[in-house]
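Given these sequences and hints, build the entire structure.
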Amino acid sequence: GAVVSQHPSRVICKSGTSVKIECRSLDFQATTMFWYRQFPKKSLMLMATSNEGSKATYEQGVEKDKFLINHASLTLSTLTVTSAHPEDSSFYICSASPPGGSYEQYFGPGTRLTVT
Amino acid sequence: GIQVEQSPPDLILQEGANSTLRCNFSDSVNNLQWFHQNPWGQLINLFYIPSGTKQNGRLSATTVATERYSLLYISSSQTTDSGVYFCAVEQGGSEKLVFGKGTKLTVNP
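Which chain is which? The protein sequence lines are A and B, in order. Counting from -14, one number per residue, gives the positions in the first sequence under the working numbering. Counting from 36, one number per residue, gives the positions in the second sequence under the working numbering.
No wet-lab data here; the hints were simulated from the structure. Be aware that a few hints might be false.
Unchecked claim - A short, non-exhaustive set of chain A residues, derived as facing chain B with CB atoms under 8 Å:
hint, residue
1, -14
2, 19
3, 71
4, 74
5, 78
6, 82
7, 88
8, 89
Unchecked claim - Calculated from the model, a selection of chain A residues having no Cβ within reach of chain B, i.e. all distances over 12 Å:
hint, residue
9, 31
10, 44
11, 45
12, 48
13, 59
14, 60
15, 93
A virtual CB, placed ideally from N, CA and C, is assigned to each residue, including glycine.
Here is the structure:
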């Protein structure tokens, strides 16, 4: 199967700082990647769709100025949490689908963000 | 939007037992996937199954698209099967997945 990586796997930052999370497709090119958020013991909720070479599209209720997404290449999307607050603490997971038409999504290992 | 309901929410088994997890969805879908989330949070692809039946070792899945449900069967369960099992669906060609709330499986030795 396809491989998606994320970095870092966990990060602790102070309130008010910004944190960047990287998502990479290692063995395929992805024009579209997806960012999800998961609270403890909860399901995954889609935050935004990252589009290579164009602006991301955000789901309703997700602040685009707080969660900046950049999809600068066909193998890399980044999510920057700006001016982080403790309520931004969560598990962030990205996904991508290899080209070929089946739309099967593969997920990265996730990044656990803790804001103190 | 589409609703995805999984049952049961929690399941506790003894090692060696069989189980069936269910996923109901409220509208027609283009894509349905089953995942296992391990204790470290990694989502592992189990099946891509918008319709029909597939088997992979001790696991198998069936999706009856016309009746809007999918079943995941786990046979001869092992302690390593513990974790949360998610069903996720996509409709309309958007590639966006909508997840159910998951079934938390605990397999005791």
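Verification of the supplied hints:
1. -14: 6 Å, holds
2. 19: Interface hint status for residue 19 of chain A: holds (7 Å vs cutoff 8 Å).
3. 71: Residue 71 of chain A check fails; min Cβ-Cβ to chain B is 20 Å, beyond 8 Å.
4. 74: Residue 74 of chain A check fails; min Cβ-Cβ to chain B is 14 Å, beyond 8 Å.
5. 78: Since chain B brings a Cβ to about 7 Å from residue 78 of chain A, closer than 8 Å, the hint holds.
6. 82: 6 Å, holds
7. 88: 5 Å, holds
8. 89: At 4 Å from the nearest chain B Cβ, residue 89 of chain A passes the 8 Å test, so the hint holds.
9. 31: Incorrect as stated: the minimum Cβ-Cβ distance to chain B is 6 Å, not above 12 Å.
10. 44: 8 Å, violated
11. 45: Label violated. Min Cβ-Cβ 10 Å, cutoff 12 Å.
12. 48: 19 Å, holds
13. 59: 16 Å, holds
14. 60: Given that every Cβ of chain B is farther than 12 Å from that of residue 60 of chain A, nearest at about 17 Å, it holds.
15. 93: 8 Å, violated
The structure is inconsistent with the numbered hints 3, 4, 9, 10, 11 and 15, although it conforms to all the rest.
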